[in-house]
Amino acid sequence: MHTPVLAALSSQAPSDDITVCGWVRTRRDAKAFSFLEINDGSCLRGIQVVVDAGTPGSESLLEMTTGASVEVQGKLVASQGKEQPWEIQAARISLVGPADDTYPLQKKGHSLEFLREIAHLRPRSNLFGAVFRVRSRMAYAVHQFFQDRGFLNVHTPMITSSDCEGAGEMFRVTTLTPGSGSKPEEDFFGKPAFLTVSGQLEAETLACALGKVYTFGPTFRAENSNTSRHAAEFWMIEPEQAFCDLAGNMDLAEAQLKHQVRDALERCAEDLAFFAKYVDKGLIERLKCVADRPFQRVSYTEAVALLEQSGETFEYPVKYGLNLQSGHERWLTEKYFQCPVIVYNYPKEIKPFYMRQNDDGLTVAAMDVLVPGIGEIIGGSQREERPDRLSAAMAHHGLSEADYWWYADLRKYGTVPHAGYGMGFERLLMFVTGVGNIRDVIPFARTPGHAEF
RNA sequence: UCCGGAGUAGCUCAGCGGCAGAGCGGGUGGCUGUUAACCAUUAGGUCGUAGGUUCGAUCCCUACCUCCGGAGCCA
1 MHTPVLAALS SQAPSDDITV CGWVRTRRDA KAFSFLEIND GSCLRGIQVV
51 VDAGTPGSES LLEMTTGASV EVQGKLVASQ GKEQPWEIQA ARISLVGPAD
101 DTYPLQKKGH SLEFLREIAH LRPRSNLFGA VFRVRSRMAY AVHQFFQDRG
151 FLNVHTPMIT SSDCEGAGEM FRVTTLTPGS GSKPEEDFFG KPAFLTVSGQ
201 LEAETLACAL GKVYTFGPTF RAENSNTSRH AAEFWMIEPE QAFCDLAGNM
251 DLAEAQLKHQ VRDALERCAE DLAFFAKYVD KGLIERLKCV ADRPFQRVSY
301 TEAVALLEQS GETFEYPVKY GLNLQSGHER WLTEKYFQCP VIVYNYPKEI
351 KPFYMRQNDD GLTVAAMDVL VPGIGEIIGG SQREERPDRL SAAMAHHGLS
401 EADYWWYADL RKYGTVPHAG YGMGFERLLM FVTGVGNIRD VIPFARTPGH
451 AEF
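Each residue of the first sequence is one higher than the one before, counting from 1 in the working numbering.
Think of the hints as simulated: they come from the structure by calculation, not from any bench.
Treat the hints loosely; a few may be bogus.
[As the list claims (entries may be wrong)] 20 Å max Cα-Cα, derived SDA-like pairs, lysine to any residue:
(1) Lys335 x Gln296
(2) Lys212 x Asn153
(3) Lys277 x Gly434
(4) Lys31 x Val50
(5) Lys288 x Arg262
(6) Lys277 x Phe295
(7) Lys335 x Glu312
(8) Lys277 x Glu83
(9) Lys335 x Tyr316
(10) Lys31 x Leu62
(11) Lys107 x Ala119
(12) Lys281 x Glu401
(13) Lys335 x Gly282
(14) Lys281 x Asn437
(15) Lys212 x Ala255
(16) Lys277 x Gln84
(17) Lys212 x His143
(18) Lys288 x Arg137
(19) Lys335 x Thr301
(20) Lys31 x Thr3
(21) Lys412 x Pro387
(22) Lys319 x Glu376
(23) Lys31 x Gln48
(24) Lys212 x Asp245
(25) Lys82 x Arg25
(26) Lys281 x Arg262
Note that this is a predicted model, so its numbers are computed, not measured.
Generate the whole structure from the sequences, applying the supplied hints.
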């Protein structure tokens, strides 16, 4: 049995016998002894090991270079040094796997661009170790938040045959040979199939039976997007509640985002402190602000008015009836409100068919949550539950009702007001960590032209 | 996909129309309860690729490739 470095460093008392396993971050040699710093990923810090000359296994010391894996057994003792409370006085060390001088991770910092090229090794760096520990904790917090509130986790399909959900270009799934001239009827599913761009429509069916549900799974978009906040494969959280309106939906979104942030502040303090030091100086302050203060809520109409009165010159002009541009969203959340903002009630022309039409005849009950630094992190709506209105909207968007017969059935049999949203998990991580590129909060990013590893 | 920027040692970068540079990392030697240790020493290059201008191009021009930033699409 070996002890995680995290447990060793948080010890309350010395120990006569402890074993740690991990990877060497650095070695400093003196004449009569050496210092090894061992990291095992359990926490940001490594543990210092003191290896006296002649310690069993020390004949391999010269091979215990940065990147090598080792097992160390010895005593946990109070450190004489100032930088750490505990260190291990080695009784026996063994080289598990050497790393020669081509090991690409140095003791110095590396650029994020370089680390992306060695995505298989970058989890061994301080930054990516911290990112993936926070990622794990945030995934846990997602389930915790919804489970504690009586939401059921549902698994919607990753392969779908509806190709016009309006959420973006889709990846085709086929067993046919390209260029063979085969017909769609000969394909595996007997018709064209795609990777899902959203589990929403299916989640609605489960919400309209189980009440409160959420999905948390991978999502695929074949858009040729080359930005710091888009990936072709990403993880999305999609809650859906029956007997819920737009206001309830906004309340849930705000509560969830706050829960995620509070949990990170509480449970990932060391990693967050690292991000605050090296990635984003204002991180902790911003997160605390999000956790403590109510989100601002403005209608699309109000948002447009604010932007028109702002006196700012935007790359694209503000105009009622058009989508808010990134620059507009950033001004609202970063400059004007300086906190998360929920913009709701968008013009129906710029939103998908399933959003509930408001009584004004102009807008739908949509909402976007905008946060500083990222922009849109959540998008959602109350869904159109009235059969006639849904039919009209589908016709207006040029969709065939026959393709969505099951979706329409929800309105035919015991329809209820219901609402939900999608939260981009990687965007949440960008927000929580301050890391500026979506490629750096997922272990192996898939973007146009990139499916390495 | 569009606009802008950048490609020089393993990494981070400087440089310049005339012999290719630094710091870090690697090797070697030394030293020290050290802390991204320190001191000395050493190796390491198709200056993104292909053309062009020029007596001479890493430098100027063109195209292409790659990466970065911004935009669109969205989460």
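For each hint, the structure was consulted:
1. Lys335 x Gln296: 13 Å, holds
2. Lys212 x Asn153: 9 Å, holds
3. Lys277 x Gly434: Roughly 11 Å between the alpha carbons, so the hint for Lys277 and Gly434 holds.
4. Lys31 x Val50: 12 Å, holds
5. Lys288 x Arg262: Between Lys288 and Arg262 the Cα gap is close to 8 Å, so the pair holds against 20 Å.
6. Lys277 x Phe295: 26 Å, violated
7. Lys335 x Glu312: 11 Å, holds
8. Lys277 x Glu83: Holds, at about 17 Å.
9. Lys335 x Tyr316: 17 Å, holds
10. Lys31 x Leu62: 13 Å, holds
11. Lys107 x Ala119: 17 Å, holds
12. Lys281 x Glu401: Roughly 51 Å separates the two Cα atoms, so the pair is violated.
13. Lys335 x Gly282: 15 Å, holds
14. Lys281 x Asn437: 16 Å, holds
15. Lys212 x Ala255: 15 Å, holds
16. Lys277 x Gln84: 19 Å, holds
17. Lys212 x His143: Distance of about 13 Å is within 20 Å: holds.
18. Lys288 x Arg137: 18 Å, holds
19. Lys335 x Thr301: 18 Å, holds
20. Lys31 x Thr3: Violated. Lys31 to Thr3 sits at ~29 Å, over the 20 Å cutoff.
21. Lys412 x Pro387: 7 Å, holds
22. Lys319 x Glu376: Holds: Lys319 and Glu376 sit about 19 Å apart, inside 20 Å.
23. Lys31 x Gln48: It holds: about 17 Å lies between the C-alpha atoms, which stays within 20 Å.
24. Lys212 x Asp245: 13 Å, holds
25. Lys82 x Arg25: 18 Å, holds
26. Lys281 x Arg262: 18 Å, holds
Taken one by one, the earlier hints fail for this structure at numbers 6, 12 and 20, listed in ascending order.
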